[in-house]
Amino acid sequence: MVRVYNCHPFSSQLIVPVQHQPDTFCCGRDALFVISAGCKIEAFTVTGAGCEPICTFASLGKVQKTTYSEIGDYLATIEEKNKVFSLRAYLNWRKCPAQGKSRVGIRMVGHVLQAPFKGAPKDQMEIVEVPLSEPPVSISCCPVKGDLVVGCHDKVVLFRLKEEMMDGGSPVLDFERFLIVHVSLNLLEVAFCNGCLAMITDLEVLVLKLEHVQKMESNGQQKTPQEAVPVTKDICKGEAATLSYGQDEFVLFQSPLELLGEDTSGSGVSVSLEWTGVEDLTTEMQNSLCLRQLLYRRFAPDLSHVYSVEETSLHSLQLLPMYSTGDLESESHPGGKEKQILSLFCFFSLPHVGYLYAVGNMVQQLSIYNYPEKAKQAVLSPQFLHVITRNNLQCYTVRCSAVAARDKDPEMDTNNKACPPFFMPVCALRMQLFIGLRAACHSRNNLILLAKAEVHVQARHNESKKGSPQNVRAITKTPSVTSEPAWNLYCLQMIPTVQLCKEMVDYSKRYKDCSPQSYVHLLSEAHLMLKAALLDPDRCNQTDAEELLSAFKENCTQLGDCFSQFEMDDFHLTLPYYKMSGMSLSELISRRPSWENGPQKFGNGFMYYLKHSVYEEIEEPLSADTANQVLHIFKLAEPTQIPHVLCSPCMRNVCLRTAWDHLERLAAISPSALVTLTKATVALRIEDPQKYQMAMERYTELRLVFGFVAEPNLLRHHGIVATELSRELQRTQPGLLVAAFVALLESNKMKLEEADLFFKTLCEQDGAEENEEETPQLLVDFWEAMLIACTKEAVIQVLLLKLVSLYIQRTARKLQPDRTPLKTVEELINSCGHFGTIFPWIHIINASGSHPQGPLQDLQKLQSILCGSSINVKSVLPLLHQLPEDASPGLSIHVLCGTRLGECERVTEQLLDRCPEAVLSFAKCEMQQEKQPLWWKKLLPELCRRTRGAGGENRILVSSLRETLAVVATTLQPLDFLSMLPDDGVAPFFLPHLLQCSRKNSIT
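Just so we're aligned, residue 1 is where the sequence shown starts under our numbering, counting upward by one.
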């Protein structure tokens, strides 16, 4: 569907002052070539004032088709002389005088003039003959590199534009044939741009991509050129041909088909490559380049109109690149820097329908153009599609900038930026009457038109009706001067983009009330035209860049107004468009009319934008007037959002008395913990402790925690900045503050690093932390509480390591916490499975030493964690150097880590050396089941040896030995027990245990 409007994309219409009747013409960015039937070529420069003549020169034959390349500044033509078609390129044509009399050098491609003619190519025009084995059908130039592409009957020949240095150091342009693409199609037109090759037949379109093999890697395997381009010589003939004849002379057409991307390989079209040129270069390119099919489409003839099959064929094939802003290269020689293509588009047309595809980062159909009349030619530009019929010039909008904007900016289609979609219906801006239109060409900001109006149109019309051969012969036999066509070559200058957009905005206002969709559509069209102008390096390098940007921001404001006021499904686009407008919330609110008309004044889009703007924590606080207006808006439109609004830091300057009144009314209608907590915040700010206390006592701590989860801004702004309520809770209810942050972390409202930074900042503001290296106790309480509630293993290990590191640091340095901890070690053991019950032998070690100044709670918490099964002990080992083994705290931690790592023998020796009174308790805890043999194989002999060495003075060793013997006697057989006894021992000492062992065995 095409929407039809009536805007004026052209600002002026000038006549090109050609001397001869034009037969064909072509143009580039600032050059126009007009070719007459008498082999005269007139060159003009296209400016804002019109077309000014440059020079005139002659071709060697009748020009059938022509193209111009800005890179290299050359004109390529297909010429016919004596029924022989040839391809020629005209270089240095600007050296020709206006009279057309100058020296001309003619040479074959690949044969550069050498001395004694050095320097001659700079002083005269050159004609380069390009020999071909078949007659050329179509030609095209690459707008990025200047390469020349020639289409023949069933193949495409690619020539590389290169520079040759002469003896005198003067560069000379030349062409090198490097690739021939054979296709099983009867080609009509070809187009080439930066490795992308497009071709059409009567009813088929094929687009190929010449690219490096490395770019086609898939699943770790590299494709070969043969895999990328299927060479199928034995394909069915019916698949290659779109039209065939049946046995009864019926014309058979294949069904329409469209294939995109990887599916294109199933088109049935045979494609093969023939590398030519220098051998070493050919070998390198064969190994690194291949062709990949991007698009294939087959049409059925359009028989709905009274035209012959020949008049339904495809035409106007074009490849249109869009460049990154600022990448325009002013140099005209191939040695300059290549332009960086942002997006690439392919256009082709049937007589009544045109098709636009994106063939760059994505391959997708963008738009379909339905013409009211049969089109003779269509010309595509980044902003418009110009279509000429017999008597009409039609101007359509295009969607190229919508695709390019998304290719350029990854933030497009987010809350930060937006752009109208490429699938938006296209529109016809203008249908302008011309008589006898024949051809059109686009040159920067100008459109060149060729019109030839025949005098005897009515006679010809009557002829066609009668269909009489005699009448045809009678008319053609009568020559007449008046039957010669009257012709004109027009230069239509495009209106400046800003001016056209203003006209479209004015035109759209007539639809604002009756058809809001059409109003938004026209504004979106203006947005895409401005976006295309901003992406155009030609325009952005001009002085009107600031004007374009200003118009673009104004258009974003207008689109934001549309989505904010009208009831539309995509009302969320209000936010990105208002953001792109560059206007602040205060400026946008001040633009709105009076606020006293009720909640229906504010659409979903505006409220969506307002909520995001307020909740996204604007850096600068709103003024008092603006903040009060925002509060009034929410009172009328969404009163339940008032607590969230008041908690935003940008509402700092709101009237607190008014806010309290709104909260009181809301609490009466819809009470909740969130409303109560917001009232408490307002009470703190107005310094009313009684109202604060009443609000905080209304709900239990659990309900209040739910309120904090519903609105985290009650506690912190900008992630880490504490609010008045947070500081008050730190002083009066630290447990509630810690529980709230645990809930925020568990509900993914914040991250652990943010919470750590918040507590550090909070305690610094409170003056509780004098040393930056010390960790505030409130943060430690949060870690401990988080460890109780957390279920994510990765977070648990991080928290355990944080706590272990802190406990070790405090124990080693004998630091006391800055406040009483919220949880004792007994409470942590009872409520958290990561804190294990402290082993009895650890208590014995603790009792063996005194800690008059040490933090006993931190040591016991550290021991409890190491007694648990959650901590990875190996991660603790690098921290143990802070605790020496000669003191009981360090000894307990070292032996705990050794025990957890299974080093019972080493731990036994440590205890015997440092704390023998804990040996037996350690053995009872750790030397059980599979480790029980350690009692008699390790502990018993070692106790005997140490007891004998102590001379009986060490009662602890003797007592441990007796208890060990008692355990061993009840476990082993008498003979095994005897074998374990030292052979130099005192028999009376061991006899009671041996007797006990014998009695146990006699009973059993």
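If you are wondering where the hints come from, they were derived from the structure by calculation, not from laboratory data.
For every residue, glycine included, the Cβ atom is placed at its ideal position computed from N, Cα and C.
It is possible that some hints are incorrect.
Unchecked claim - Quick list of in silico lysine to any residue cross-link-like pairs, SDA-like style, CA-CA up to 25 Å:
no. : residue 1 : residue 2
1   : K751      : L822
2   : K95       : E134
3   : K802      : K691
4   : K62       : G48
5   : K691      : R657
As the list claims (entries may be wrong) - Here are the in silico distance ranges between beta carbons for each label pair:
no. : residue 1 : residue 2 : range
6   : S623      : E753      : 53 to 61 Å
7   : A847      : T761      : 34 to 42 Å
8   : L757      : Q882      : 35 to 43 Å
9   : N391      : L636      : 35 to 43 Å
10  : K81       : E52       : 27 to 35 Å
Here is what the structure says about each hint:
1. Between K751 and L822 the CA atoms are separated by roughly 22 Å; this keeps the pair inside 25 Å, and the hint holds.
2. Taken as a hint, the K95 and E134 pair is broken in the structure, with Cα atoms around 32 Å apart against an allowance of 25 Å.
3. Pair hint K802 plus K691 does not hold up; C-alpha atoms about 39 Å apart against a cutoff of 25 Å.
4. Among the hinted pairs, K62 with G48 is inconsistent with the structure: their alpha-carbon atoms are about 31 Å apart, more than 25 Å.
5. Straight-line distance between C-alpha atoms of K691 and R657 comes to about 13 Å, which keeps the hinted pair within the 25 Å bound.
6. Checked against the hint of 53 to 61 Å, the C-beta distance between S623 and E753 comes to roughly 34 Å, which is inconsistent with it.
7. Between A847 and T761 the beta carbons are some 41 Å apart, a value that agrees with the proposed interval 34 to 42 Å.
8. Checking the proposed 35 to 43 Å range against L757 and Q882 shows it is violated: the Cβ atoms sit about 25 Å from each other.
9. A hinted range of 35 to 43 Å is violated for the C-beta pair N391 and L636, which are about 57 Å apart.
10. The hinted window of 27 to 35 Å between K81 and E52 holds, with their beta carbons roughly 31 Å apart.
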